[in-house]
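Student: Single-letter residue listing:
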Amino acid sequence: MESQLLLSLVSGIFIAGSAAYLGTLMLSRKMAVVAGPLGHLALPGAALAIVYGFSISLGAFPFVVLGIVFIWLLEIRTKLPMETLTATVFAAGVATAFLFLPINEAEAALVGNISKVGIYETVAAVVLGSAVFIAVNRSYKKIMLLNVHEDIAKTEGVNVRLYNLIYLSSIAIIVALGVDLVGGLMTAALVAIPAAAARNISKTLVQYGVVSGAFGVLSAIIGITSSAITGLPAGPLVIITSGIIFLITVAVVRV
Amino acid sequence: MSETLLEVKDLTVTLDNAPILSGLNFSVGEGEFLTILGPNGSGKTVLLKSLLGLLPHGGEMLWHKKPRVGYLPQGLSQMSVRDLPLTVKDFFSLKKVKEEDVMRYLPLVGLGSGVMNKKAGYLSGGEFQRMLVAWVLASEPNILFLDEPTTAVDIAGGETIYSLLKDIWQKRKLTILNVTHDLNIVYAHSTHVLCLSRFGHRCYGVPKEILTPTVLNDIYGADVRFYTHKGV
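Just so you know, the protein sequences line up as chains A and B, in that order. Residues 1 to 255 in our numbering are what the first sequence spells out, letter by letter. Residues 1001 to 1232 in our numbering are what the second sequence spells out, letter by letter.
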């Protein structure tokens, strides 16, 4: 029991911490909500994983990548805003998932499965979470400049395609991992809430990233631990903890 | 006579199957303050972005010296970054530049070192624009591309920015390509003007020599005149 809690905590910390750090970039590009529809798009993959008994993240990943490529191609073709396209396509993911997702096993796909995570999934969460953290950290200023003004970034020599690829790949990995932690319905909260809370109280860019990551980690620790104590699902508890932290920061800002 | 820095031959830009610019030829001398003048929709910003390599184009662009480009785009104001916890120091950290270089350029644009810890999004319009000028200059460009750099500030603030840019242009021997539709700017600051119009009329040369009422009428499609008040 204790080793299971340890695995859940380690997975949760790495996923939530790197998701929250990435979230600061997504929030500044007004793209934080995009993680939600992508989480929904991951649901068919999560459903397949449940039916055939393999890792939910592993099942989710190709569907998230397909979703991102599909949205990217639609954006080029239609010139519609990205949030409109994600909102347009995400329902297809949910509908497809419910076609063959055994409804009595749907909980893991919808609210996450972190309480039952195994050693291989934990290693994957640590490796991929660290990879995303390092990639985001190394490209943070370039992507932030892109967010501020793409043409200025280009004239300053930023390789826009490369950094957009790093950025979108990081989102794909985090959403796929996030489906394991909080389920396909709540992945946006993993990136959006800690970043929004950090923005409320941060004065500098460094504070913004560090505080957001810390809020993500804190939410994972409190959510998973209270799940172990109460028996309630960990995913919603992680998100509720994050929401409470956000409300506290709102109160602090008002003071 | 200054040495030629850039030669543009038969420049053609087509966006969404609509021809925006075609067969444009001009050159830019080193140390020139060239203003690209024209009404809205004449292709000024498209030309500037094409020269910067930001838009696909046909024709030739020959740089006689390797350009180190600085770019001040249209519409970037303090409001664009107000949502971000970004201090002026953070803003400078987004490009590879040493803090001592930043400290050298801040006084040049009339800002003290105390501004470094202020949030960039909460500077006044004029302060933000001056901070942007310092930001662009900090990487030591030899050519500045300015796209209506004063649209986000009031008239007095705009005049301050241009006076500042002219001062820096003279001291640093920069080449400046500036987009505007404001005739005052052309007469007050530019050594050369390239005019574009929606109707295909073009002109290039020294402002006081070529901007006759007939040419202005051709460019703006209306009776436009510029009056100077002598002895005031």
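Hints were generated in silico from the structure; no laboratory data involved. Note that beta-carbon positions come from the ideal geometry of N, C-alpha and C, so glycine has one too. Treat each hint with caution, since some may be false.
Claimed, not checked - Straight-line C-alpha distance at most 30 Å; calculated DSBU-like pairs for lysine-lysine: (1) A:K141 x B:K1066; (2) A:K154 x B:K1119; (3) B:K1009 x B:K1089; (4) B:K1166 x B:K1098; (5) A:K154 x B:K1166; (6) A:K30 x B:K1166; (7) A:K116 x A:K30; (8) B:K1119 x B:K1096; (9) B:K1066 x A:K79; (10) A:K154 x B:K1089; (11) A:K116 x A:K154; (12) A:K154 x B:K1208; (13) A:K141 x B:K1089; (14) A:K141 x B:K1118; (15) B:K1118 x B:K1066; (16) B:K1118 x A:K203; (17) A:K203 x B:K1089; (18) B:K1118 x A:K30; (19) A:K203 x B:K1095; (20) B:K1009 x A:K141; (21) B:K1066 x B:K1119; (22) A:K141 x B:K1208; (23) B:K1166 x A:K203; (24) A:K154 x A:K79; (25) B:K1119 x B:K1095; (26) B:K1119 x A:K141.
Stated by the list, open to error - On the chain A side, residues computed to face chain B include the following (Cβ under 8 Å): (27) K154; (28) T155; (29) E156; (30) N159; (31) V160; (32) L162; (33) Y163; (34) N164; (35) R199; (36) L205; (37) V210.
To be verified - Computed Cβ-Cβ distance ranges for the label pairs, DEER-style: (38) B:T1014 x A:A91: 35 to 41 Å; (39) A:A131 x B:A1188: 38 to 44 Å; (40) B:E1099 x A:E105: 54 to 60 Å.
Student: Next, verify each hint and record whether it holds.
Tutor: Each hint, compared with the structure:
Taking the CA atoms of A:K141 and B:K1066, the gap is about 26 Å. The hint holds against a cut of 30 Å. For the hint linking A:K154 to B:K1119, the alpha-carbon distance of about 24 Å falls within 30 Å, and the restraint holds. For the hint pairing B:K1009 with B:K1089, the CA-to-CA distance comes to about 41 Å; that exceeds 30 Å, so the pair is violated. Taken as a hint, the B:K1166 and B:K1098 pair is honoured in the structure, with Cα atoms around 25 Å apart against an allowance of 30 Å.
Between the alpha carbons of A:K154 and B:K1166 the distance comes to roughly 25 Å, so the proposed pair stays at or under 30 Å and holds. Distance hint between A:K30 and B:K1166 is unfulfilled; the C-alpha atoms sit about 37 Å from each other, more than 30 Å. Distance restraint check for A:K116 and A:K30: the Cα-Cα separation of roughly 33 Å exceeds the 30 Å cut-off, and the hinted pair is therefore not satisfied. Under the criterion of a C-alpha separation no larger than 30 Å, the hint pairing B:K1119 with B:K1096 is consistent with the structure, at around 20 Å.
A threshold of 30 Å between alpha carbons decides the hint, and for B:K1066 with A:K79 the separation of about 35 Å lies outside it, so the pair is violated. Simply put, A:K154 and B:K1089 have alpha-carbon atoms about 21 Å apart, close enough for the 30 Å limit, and the pair holds. Restraint check for A:K116 and A:K154: the C-alpha separation of about 45 Å exceeds 30 Å, so the hint is violated. Between A:K154 and B:K1208 the CA atoms are separated by roughly 36 Å; this puts the pair beyond 30 Å, and the hint is violated.
For a cut-off of 30 Å, the pair hint linking A:K141 to B:K1089 stands: about 13 Å separates their Cα positions. Taking the CA atoms of A:K141 and B:K1118, the gap is near 19 Å; set against the 30 Å cutoff, the hint holds. Taken as a hint, the B:K1118 and B:K1066 pair is broken in the structure, with Cα atoms around 35 Å apart against an allowance of 30 Å. Distance check on the hinted pair: B:K1118 and A:K203 sit about 9 Å apart at the alpha-carbon level, within 30 Å; holds.
Note on A:K203 and B:K1089: the hinted pairing holds, with a Cα-Cα distance of about 11 Å set against a maximum of 30 Å. With a C-alpha separation of about 23 Å, the suggested pairing of B:K1118 with A:K30 holds against the 30 Å cut-off. With a C-alpha separation of about 19 Å, the suggested pairing of A:K203 with B:K1095 holds against the 30 Å cut-off. At most 30 Å may separate the alpha-carbon atoms for a hinted pair to count; B:K1009 and A:K141 exceed this at roughly 37 Å.
For the suggested pair B:K1066 and B:K1119, the alpha carbons sit about 35 Å apart, so the restraint of at most 30 Å is broken. A hinted pair counts as satisfied when its Cα atoms are at most 30 Å apart, and A:K141 with B:K1208 does not qualify at roughly 45 Å. About 34 Å separates the Cα atoms of B:K1166 and A:K203, which puts this hinted pair outside 30 Å; it is violated. For the suggested pair A:K154 and A:K79, the alpha carbons sit about 21 Å apart, so the restraint of at most 30 Å is met.
For a cut-off of 30 Å, the pair hint linking B:K1119 to B:K1095 stands: about 17 Å separates their Cα positions. With a CA separation close to 17 Å, the supplied pair B:K1119 and A:K141 stays within the 30 Å bound. The interface hint given for A:K154 is met, as the beta carbon of that residue sits about 6 Å from the closest beta carbon of chain B, less than 8 Å. Proximity of A:T155 to chain B holds as hinted, the smallest CB-CB distance being about 4 Å (cut-off 8 Å).
Look at A:E156: its Cβ gets to within about 5 Å of chain B, closer than 8 Å, so that hint holds up. Contact between A:N159 and chain B, as hinted, is not supported at the beta carbon level, the nearest pair being about 13 Å apart and thus beyond 8 Å. The criterion of a C-beta within 8 Å of any C-beta in chain B is not met by A:V160, whose closest approach is roughly 10 Å, and the hint is violated. The interface hint given for A:L162 is broken, as the beta carbon of that residue sits about 16 Å from the closest beta carbon of chain B, more than 8 Å.
Because the smallest distance between the Cβ of A:Y163 and any Cβ of chain B comes to about 13 Å, over 8 Å, the interface hint for this residue is violated. With a cut of 8 Å, the hint placing A:N164 at the interface with chain B is violated, because the nearest CB-to-CB distance is about 16 Å. For A:R199, the shortest C-beta to C-beta distance to chain B is roughly 6 Å, which falls under 8 Å, so the interface hint holds. Of the supplied interface hints, the one on A:L205 holds, with its beta-carbon coming within about 4 Å of a beta-carbon of chain B, less than 8 Å.
The beta carbon of A:V210 is not positioned within 8 Å of any beta carbon in chain B (closest approach about 11 Å), and the interface hint is therefore violated. In this structure the supplied range 35 to 41 Å holds for B:T1014 paired with A:A91, their Cβ-Cβ distance being about 38 Å. At roughly 55 Å, the beta carbons of A:A131 and B:A1188 sit outside the given window of 38 to 44 Å. Between B:E1099 and A:E105 the Cβ separation comes to about 57 Å, which falls inside the hinted range of 54 to 60 Å.
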